[in-house]
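> Each chain, letter by letter, is given below.
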Amino acid sequence: MPKTVLSKAMWLVIAIVGASAIGGIAIHRGESINAIWFVAAAICTYLVAYRFYSAWICARVLVLDETRATPAERFNNGRDFVPTNKWVTFGHHFAAIAGPGPLIGPTLAMQFGYLPGTLWILAGAVLGGCVQDMVIMFCSTRRDGRSLGQMARDELGPVGGWAAMIGTMLIMLILIAVLGLVIVNAMKHSPWATSTVLGTIPVAMLIGIYMRGIRPGRVLEGSLIGISLLLICVVGGGWVDHNEAIRGAFDWSGESVAWFVMIYGFAAATLPVWLLLAPRDYLSTFLKLGVVFLLAISILVLAPDMKMPALTQFIDGTGPIFKGSLFPFVFITIACGAISGFHSLVSSGTTPKLLPNERDIRMIGYGSMALESFVGIMAVIAACVLDPGVFFAINSPAGVVGKEAAAAVATISSWGFPVSVDQMQMLATEMGEKTLFARTGGAPSLAVGMATIFSNTFGKTLLSMWYHFAIMFEVLFILTTLDAGTRVGRFMLQDMLRHVWKPIGDVSSYPATVISSLVFVAAWGYFLWQGVKDPLGGVNILWPLFGISNQLLAGIALSVATGIIIKMGKVRFAWVTGLPLTWLAIVCTTAAVEKVFSTNPAIGFLSGAASMAEKLAAGTLPPDRAAVAPQLIIGQQIDAALALFFAIVLWVVIFDMLRMSLRMRSGKSVLPLSESRYVRTQLDPNLVTSSH
Amino acid sequence: MIREELKLLPKHLWQYLRQVTGDDAYERYVAHQQVAHAGEPALTRQEFFKKRQDEKWSKVTRCC
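Sequence lines, in order, name chains A and B. The numbers in our numbering rise by one with no breaks, and the one at position 80 of the first sequence is 80. Count along the second sequence starting at 1, add 1000, and that's the number in our numbering.
Just so you know, the hints here were simulated from the structure itself, not pulled from any lab data. Watch out, some of these pointers could steer you wrong.
Unchecked claim - Simulated coverage check for chain A against chain B, where a stretch passes if three residues somewhere in it have a Cβ under 8 Å from a Cβ of chain B:
hint: 1; stretch: 86–93
hint: 2; stretch: 96–106
hint: 3; stretch: 185–192
hint: 4; stretch: 338–347
hint: 5; stretch: 474–488
All values derive from a computational prediction rather than experimental measurement. We put the CB at the ideal spot given by N, CA and C, even for glycine.
Turn these sequences into a full structure, and let the hints guide you.
See below:
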């Protein structure tokens, strides 16, 4: 008895601490606020939600059955279906879902101030993102580890299946384009960053050859050697930067970096995976987990003060980084930090093939996303430790604040975020850069924030090394998503085109591979190019489009999950996934409609294109803008079509799910629940839970 | 009791690291093969990693 009293008291304390921290964050209106408040609010929220909400869902809604054999056990082939220790599976799952999104989205969303973003990262994760990941993992585990697309087809019908497939491919396109743009803005005119990143390519290939031919499958050795070589690349980049004779060769324009990214994506998609893609992924995964861990420790040790106000005037929609009001754009911008549709692709199809026991779905599905959301909170902290003036100077595109440093600081200071040319110059010099102005995209400001936190924790020197280490880390793992995405996108394209022309579907044919890769790279390259050419930075267009597409995929996943819960005869619990779905549908539709039809040319794609065409015809555009205007006008019209298409796909899937549910309710026939038959587990519970 | 476990901790951590990175995947595969398909020829180390990698990178394994 005393034990349960103690446990109840402990959970009461956690709940009170969490609630006070959130309350403190919400009502605080001072000069600055300490980051520890955010850490406390986040951890307590995750703990309480995990302990109570996820346990309730598992016990009452999903009814996890620990005696039931998982696909990993039933199809164990020692290779891709392998029952794996739950902590190892957790590691794999987290490494797979943790991408650059939760670092970039929350950083960009800080233009509204820290409060809205923080609240959504917490609430969205525990009520939406974690639930989605866990329920989809459950559905796939009960269906032989099938993918989201297959489940949509089996449970809802061909319409849902097709929508999921096309939706996934288009999301991939936009995702890769916007990530490419983030790389461009981090690398352009930065010889240090460019030479470091270029250096990482031969390093990856070397490790690829090592792990393939010299010491096959010795992942740990290979990665250790690789990481050391990467650190040498960072130092070497500094040497290049200080060497006047060669630094010019690495001083690339945005266009050149964009070409580099496209060629790289094409190469990674067509070369054998062992040479470039797989070894670089090992390196970037190590680096990613290492940096996330280091950042968490640093924030706890340093307990930095955050200088961003709780709310800025930009909640009215006039923000410099992207236009659009708090609702719906804070949700669209944060995207993966709170709920990411992409995770449903890993939670289905991949992780169930490793899962040792159904009961672990809770820890791996819900827990991983909670951790991912915490990464988002750390990005919030790293962005807000900067002076708001500095944050806006780095992230505001030249087309908004002015090309000259003096003009930019004057504009930003006039918003009430004082910053000076000297301050920015000194910061750039400290970071080993010529300028930090107009590096829109989140990566550079995050790198400045991380470098500041790291150097304050580990000694004040070497700021420029930390900065370029952070940039390398971000670019490296963006490239992982970029080339893995191009490769998968190529497979998806081949799978779709096969219905039109059979030979193109042959994934082992070299010409088919090259052609489909070229088509796919050209498709995302088009959006990337449009972003690079856009004087307003491109991020303002591409990131919202990406956010909409990502939330659309989450909407598809939640529709499939809701449909399955209803078919399981648990319509009274359908709100568990139905409520997040409703919210996403509202957010996504509002955002898509605003992005397409808003009469404000800074927000609406159509009015943006019209206003640019008008100015072009009247001859009021400056010559450099007039030159790119025709491209941008067509680009915005395509963006409009795409945003509209996303919204339509989402509603098609939702209606398909509702139609199925109504048929079921009125007793008509629906597709049967495709759950596989119960097989009792033979695994010794100790065998899979211990670490041997 | 606790002392014993502490002694084993470095070993467990090392095993975890090897398993989570896939460093010991082949050894596990061979062990599985011996139990489940005794007598059948197993893949060589190189074949095994090639197959595993190709399988891994033909679906979504990295998110945004």
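> Three or more residues of the stretch 474–488 of chain A near chain B by CB distance under 8 Å?
holds (count 6)
> Taking 8 Å as the Cβ threshold, is the statement that the stretch 338–347 of chain A is covered by chain B upheld or broken by the three-residue rule?
Three-residue rule met by the stretch 338–347 of chain A, so holds; n is 5.
> Can the stretch 86–93 of chain A be counted as covered by chain B under the rule of three residues or more with Cβ-Cβ separation shorter than 8 Å?
holds (count 4)
> Just to make sure I understand the rule, a stretch counts as covered if three or more of its residues have a C-beta closer than 8 Å to a C-beta of the chain. Does the stretch 96–106 of chain A meet that for chain B?
It holds, with 6 qualifying residues against the three required.
> If you count the residues of the stretch 185–192 of chain A with a beta-carbon closer than 8 Å to a beta-carbon of chain B, do you get 3 or more?
violated (count 0)
Checked against the numbered hints given earlier, the structure breaks only hint 3 and satisfies all the rest.
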